[in-house]
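Okay, here's what each chain looks like letter by letter:
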Amino acid sequence: MDLSLAIFVQIIAAVLLIIALMVGNAVVMVYMERKVAGFIQRRPGPYEVGPWGTIQAICDSMKLLAKQLYRPGNVDLILYYLAPVLAFFPVLLLFLPIPFGPWLTALHINEGIVLILAFAGLGVLSNLLAGWASNNKFSLLGAARAVAQTVAYEIPMILALLAVVFLSGSMDLKRITEQQGQWPWEWNILLQPLAFFIYLVSLVGETNRAPFDLPEAESELTAGFHTEYSGMGFALFFLSEYANMLLVSFVAAVFFLGGYKGPIADGFWWLFIKAYAVMFFMVWIRWTFPRVRFDQLLNLNWKWLLPLGLLNLWATAIIMKIFL
Amino acid sequence: MLKAIWDNIKGLYSLLVGMSITGRYLLSPVETIHFPRQVVDDEIMASFRGPIQLTLGKKDPTQTRCISCQMCAKACPGHCLTVTKGDAKAPIQWLYDFSYCCLCGACVETCPTGALEFSHKVYLVTVSRQELILDLLSDLKTRGTQLGNQIVPPVPPAAKEASPSVAPASPSAPATLAAPTSAPPAPETKTDPPKAAEIKPDAAKPAQTKEPAPASGSTDPVAASPAVNSATNNPATNNPATNIANDVKTGAPAQSEPKAQTVAPQELAPATKPETKANPVANKKIHDHSSRPAKKRGHK
Amino acid sequence: MTGCSLGFINPLSVLENPGTTAGDFYARNFEKKAQPGRVILNLGPQHPSTHGVLRVLCELDGEYVARCEPILGYLHRMHEKMGEVKTPWQFLPNLGRVDYLHPLAWNWAFVGAAEKLAGLTVPPRAEWLRIISCELNRISSHLLWWGAFVMDLGGFTPILYAFEEREKINDILQIITGSRLTMANFRFGGVCADGDARFFKLIQEFIPYLRERLKMYQGLVTDNVILRRRLEGVGPIDVDLCQRYGATGPILRAAGLPRDLRVDYPYGYYDQVELTIPTGPVNDSFGRYLVRLAEIETSLSIVERALKVIPDGPIIMEKAPKVSWKLPAGESYMAVEGARGQINVHLVSDGGKTPYRVKLRAPGFSNLSLFAEAAKGTLLADAIAILGSLDLVIPEIDR
Amino acid sequence: MTDPDKWLTSWRSLGALSVSRHDLAKEGLTVSAFLPLAALIQAAQELKQARYSLLDISALEAKEGFVVTYHFDSLDQPARLAIRILAPKKKPLAPSLWSIFQGAEWHEREAADFFGLVFDGNPNLVPLLLPDPDEFTGPPPLRKAEADLAPVSKLGLLAQVEILDPDFGELLGLAQVSDSRGGQA
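Which chain is which? The protein sequence lines are A, C, V and L, in order.
Under the numbering used here, the first sequence is numbered contiguously, ending at residue 1003.
Under the numbering used here, the second sequence is numbered contiguously, ending at residue 321.
Under the numbering used here, the third sequence is numbered contiguously, ending at residue 413.
Under the numbering used here, the fourth sequence is numbered contiguously, ending at residue 1510.
Worth flagging that the hints you see were computed from the coordinates, not collected in a lab.
Backbone N, C-alpha and C define an ideal beta-carbon position, used for all residues, glycine too.
Careful: at least some of the hints might be erroneous.
Claimed, not checked - So the derived label-pair ranges between C-beta atoms look like this:
1) Asn43/V to Ile734/A: 47 to 55 Å
2) Asn1449/L to Arg91/V: 21 to 29 Å
3) Gln151/C to Met911/A: 53 to 61 Å
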């Protein structure tokens, strides 16, 4: 693939669009999370700012933008400021291979999933740096937990996606979407239900969302690795958390729910609907379950999800060998 | 091993049950009351023990029953009350420092003439401690004149405790010293005669929805104007629906959760200056708490 | 400011030389016995999961709590000195503020001690009103504990559901006490306000409603596998530990001993109410959780029984003591079963205007003292779970 | 022999200064006794074997000295009793029960905060509820002025008392009284 000028301009345009998408998604997600949390707890959620509180999230981000960058005293300067930046930028790359439409892909390469999984692990480095640099015992504990958790939950995620790659025979996201039909019963979720379940659990673990939000467990570690960040640093961490959520939901939509193919008219809107459905599920879980303990979290991963993932791979291979 | 698998499956089922419950609540109506637009039902607030106030006189509602015998001032654990006796029996100044009051009711229960009672003011908020020193005499006058134009049926000897829940909002006394009055003080508030009827919960008469706050501009929630001649802007402007003359309801519908009556979303009344009348004794040294003389503590 | 050099600061530098932490008097005092290689961590006083202002100094070995010591006094208001300076009547509002979750039990303890000392008799209607309001208050205290405990474990929603019920109880209790949190409606020789028709109607509606909601709690939280795994086997507190530290209430009952003051030393009309004391099947955090939920059911049945039996009549004795009433000389020790355990008032009077000595024994004080031994060697998350299962209210511990 | 009698005899054997019987309904105690300082540890150990737990330690300042009351209650059946010691004003020293009832550590530290008593044997006798010594150096808050102190007999701590030790009786100004209501308060 020669990196000619056209491709280069296309990627730059795509990156700008993706940044806009991430910021927009953060605003929408903050609003959705607070409204859903509100209604689950039988209270209205944001109400005052704008009609039904719609521009509350925007005003919050304005506030975070304008807030003073308070930095505790003996903090490790370079790493302290590098961490939020490092949390935000790798996620940009992850959106490139996602097929928004039949021809609407930022960077069409035929190993899309390898790029995504490679850079997904980079996010945890920023958690570690943030925890270590802010010279606060609570954040140190949070950072140590974040590393162990993300490393642990990468593997079942890969195994689940691998099962689908086995099925569709290619790692190119566009090909995988094409193979799935328009109607729900033609999607991979019916062919690989166990893989979808494993993927769902590991995506909640990957993005540090409740009930696996050990790194920033409020009741134990006050706020985990981003305790000492305020203003834009805190906003960047939240932006990257929601971007990670959006990304893993996109991957879930592409792999299991038929990507941009939908019953009436294909198009990127189907991808967004499915992604936001997955994210609604993650928000719903967050406000229902208590938090697991750290050793239970790892036990669940290494002793249950990993064997199940391997079993699922093995079964898929056997079935494909016999029937296809 | 099989048992472990079965445990996890049962666990998974319990997770789904939990989600179904929160899902059901996700779709059910909101339980909370949205404060500025809705107010907690008055029937609930009728038994609330707010800051104390002087009860209305039997014959003339603006006259207090207090004979300034200082029994309440002695009984108060927080030294909140200062009653200065005029030449006649009635006091000429009645100061009540709400910032030291713990609402224990010692004064209400020891007053020989029943001159004190609990108000049901929930929304009493001020900017400084100085403004919490309330002048109950002027508050009584405003409430008395409030009822002046309605003939007060003799208060039936209902239990002293269930005093008529009348806390009409009325701007402070008319004459102003210097502060420009932004709103005409003479309110034409439409208040129903405060029939001290016993609250009959089971009468199925539909509750009148509270008509919007009186048309007059100032709905100054702090009924008692701060005694001190500070022309500070009266802060509590963001809760208009508070001390609207709440008529005594005859029968709130009998469901249990607090019925919130929605107040018509009238525009939030502009903040009005508290026109404190040139109080002759204003600059007299009021009960100064800053010194808190130690000997007073001993109670010997 | 450490300059902009690549200042590599090792937050774990404390490990090599423990003596260097700035810390205050208590941190230095705690650190004398610290071993190198351990992190000294301050849980509180500003910490989301210590209910009120409690500070626990922990010596962490990795995630495990090697040794910890609760530090008290951040919410100390010296109620006992106020008891000696005010007349008994003026001290009543204090009792609504010692423990704002179950204030009516504290009212009963002080008023009961004074009545026993002075030999006052309380009319039957007032006794039943006391039982009804005290039990409703216990239910609201258990509900708040339940919500806060599940929030400590990470579930944010249940506390909002618990507050819906608390609002209903507060509406009911506000009718006779006039306030919604710091209630003080007990008087020497009776109660200060009577329940009107609406009061009894609301209670009648509340009892079936809460029983219905308890089933929902069971489904949402009690059967939840994540909560079960977080609580089962965590922080076992056996009878010996309770005996050595003087722990009482749900903690002792979860350890298997059916000790309840309402049955052992029946005060008021509790002997006319048959009472099943729930003892925990197992003595860990989950056992304590189940005991408290079962106690809500017991309190509901007591209120139900009281509603059927309450007679009409005066709510306070004829010549009830007024504000300047003096306690006769003598000593009296009144114990009341609060939501957290035995609330005892040791009242000593020399016949003067104010009591000579008012000793307030808070159940949380002894319950918390066993936390250091119960949480030794557990994970940090488990230590928080044990702290939550002790149902601590710091204002009553600090008094 | 009922529990209270058992304790009365065991305390007598320990050399109790005075022993008194209370009416449970009025004063909430079955029996109580004034013990010499030396006998406190021994009595506490006996109570521990009999499955009693320490409820609280309630100190108060009287004219003759500090009366420290230890309230115990049995784990098996309702039998609340109290042991009192009289620590002289000059050297307010009392043995610590920490080695027997670890819960006593906090109660003793609280009594030390409020009255300035010293409990030797308490492992961690730093202020518990009051601020640490660097910040708060005031006198113990619950100490009374000399004029307000009341004699022990007036405080009614000696219901149906039986004075066993003669000079203890003189100290409290009580005649040698066997079982009738004690003290001419």
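Structure-based check of all given hints:
1. Asn43/V to Ile734/A: 47 to 55 Å: At roughly 52 Å between Cβ atoms, isoleucine 734/A and asparagine 43/V fall inside 47 to 55 Å, so the hint holds.
2. Asn1449/L to Arg91/V: 21 to 29 Å: Because 23 Å falls inside the window, the suggested range holds.
3. Gln151/C to Met911/A: 53 to 61 Å: Cβ of glutamine 151/C to Cβ of methionine 911/A: about 41 Å, so the range 53 to 61 Å is violated.
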